[in-house]
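Enquirer: The chain contents come next:
Number of protein chains: 2
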Amino acid sequence: MTDPAPRRRGRPPRAGAAQGPGTRDRILEAAREEFSERGYAKVSVRGIAKSAGVDPALVHHYFGTKEQVFEAAITDAFAPALTGADALAAGPPEAVGERLTRFILGIWENPATRAPLLAIVRSAVSYETAAAVFRRLVAAQLLGRIVRQLDLPDAELRAELAAAQLVGIAMLRYVIKVEPLASVTAEEIIARVAPVVQGHLTGFGDGAPGTKP
Amino acid sequence: MTDPAPRRRGRPPRAGAAQGPGTRDRILEAAREEFSERGYAKVSVRGIAKSAGVDPALVHHYFGTKEQVFEAAITDAFAPALTGADALAAGPPEAVGERLTRFILGIWENPATRAPLLAIVRSAVSYETAAAVFRRLVAAQLLGRIVRQLDLPDAELRAELAAAQLVGIAMLRYVIKVEPLASVTAEEIIARVAPVVQGHLTGFGDGAPGTKP
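Residue numbers (UniProt numbering), protein chains in the order written: chain D, 1 to 213; chain C, 1 to 213.
I should point out that these hints are in silico values taken from the structure, not numbers from a laboratory. Mixed in with the good hints there might be a few duds.
Said to hold, decoys possible - Facing chain D, a subset of chain C residues (Cβ under 7 Å, in silico):
id, residue
1, Ala132
2, Phe134
3, Arg136
4, Leu137
5, Leu152
6, Gln165
7, Val178
8, Leu181
9, Glu187
10, Ile190
Just so you know, even glycine gets a beta-carbon here, dropped at the ideal spot from N, CA and C.
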């Protein structure tokens with residue numbers, strides 16, 4: 001997930017050693033920290049470069065504009081999620097709700113993956129540029145993989161309503177931290193929420209919500 | 001909801017013309033705009049005063065600290081929501097899910113109430129101080145009114161899971177704007193989401209999610 005090599009924060013940017021394997025990852029990690037700590041608007045390519053110990057030109061070289069660095073940082077943070085999404089879609093369809101719920105809660109429960117996710121959510125909520133990146137990557141790629149497995153005409157809307165339940169849980173449990181939702185076990189939440197996610201995706205059963213005549 | 005009488009804490013500043021009926025409201029409106037446009041961290045009491053055309057001492061006089069101005073601005077923005085929440089709880093319990101869903105979507109669909117709500121969400125997501133205010137006001141007051149009507153031992157958690165579905169819809173439809181969720185009619189969403197909100201609150205029926213043995 002992250003580059004194990006130590007970051008050379010504060011290293012003179014001229015040094016040619018700043019290039020080579022690991023540099024790209026180091027810039028990405030610095031970008032993620034900058035976006036996380038300072039928020040999208042206050043981050044600059046120069047600041048990312050300084051934090052990564054490289055010349056700003058190198059950031060431009062690898063990624064381009066600030067928006068592009070942000071997109072790369074999100075993509076990187078979501079790489080395991082996207083890999084996982086393939087596995088999610090691959091299992092039995094009658095349990096996709098539980099798999100998706102476990103998977104999303106798993107990302108949020110793990111402090112290592114929660115931090116970049118929080119950074120993304122905060123940026124996406126406050127800046128249209130960041131929201132656009134979020135839409136392209138998360139909505140299109142993560143949900144897209146699930147949608148393709150659902151052989152239903154309204155699969156996209158179904159996937160988004162299911163995602164909305166999980167996004168709301170994440171907001172109230174991990175970001176706003178309302179009680180008791182912030183303190184109950186993940187299993188308690190999975191037991192109550194997975195059937196709702198499943199219901200949105202494949203229907204709630206006869207006469208129940210989510211079914212179409 | 002809010003105290004109509006000005007608080008007498010501190011001495012009124014010299015600018016006599018700035019005082020009088022409407023001054024408090026003008027400060028509140030300026031505060032809401034400042035928090036909305038600049039985000040919690042970048043707003044200052046001085047900036048709010050300038051935007052409202054009053055002396056900073058008058059802001060302190062009416063509200064106190066920045067956090068207190070923020071809380072007052074949220075309280076003010078949520079006043080109709082809290083009034084509505086009483087009506088929500090008063091109707092037949094088997095339709096509380098639809099009433100709550102209609103009510104929350106109604107607030108978000110109306111541009112006049114959407115703007116302050118967006119400001120609150122953005123601040124609450126990014127700043128712990130703002131999140132604490134959000135917890136106190138929205139979670140405790142809005143959900144509290146619904147919880148008191150549910151004669152169930154786990155009513156708080158139920159209300160939060162229902163709220164999570166609606167918070168997620170708001171995030172994806174109005175903030176991040178994912179498609180098709182951002183473009184379908186409110187009625188389409190209500191038809192699919194109200195039964196889920198109802199299910200969280202009062203149970204999904206025999207053997208379905210949300211019921212307790």
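Enquirer: Each hint should be assessed against the structure and marked as holding or not.
Expert: Hints, verified against the model:
Because the beta carbon of Ala132/C sits about 9 Å from the nearest beta carbon in chain D, more than 7 Å, this interface hint is broken. With a least beta-carbon distance of about 6 Å to chain D, the hint placing Phe134/C at the interface is held under the 7 Å criterion. The closest approach between the C-beta of Arg136/C and any C-beta of chain D is roughly 10 Å, which is over the 7 Å cut-off, so the hint fails. Taking 7 Å as the C-beta contact cut-off toward chain D, the hint placing Leu137/C at the interface is violated, the least distance being around 11 Å.
Look at Leu152/C: its Cβ only gets to about 13 Å from chain D, farther than 7 Å, so that hint breaks. A cut of 7 Å between beta carbons decides the hint on Gln165/C: the least distance to chain D is about 5 Å, and the hint holds. Satisfaction of the interface hint for Val178/C is found here, the shortest Cβ-Cβ separation to chain D being roughly 4 Å, below the 7 Å cut-off. Of the supplied interface hints, the one on Leu181/C holds, with its beta-carbon coming within about 4 Å of a beta-carbon of chain D, less than 7 Å.
Interface hint status for Glu187/C: violated, as the beta-carbon distance to the closest one in chain D is roughly 13 Å, over 7 Å. Violation of the interface hint for Ile190/C is found here, the shortest Cβ-Cβ separation to chain D being roughly 11 Å, above the 7 Å cut-off.
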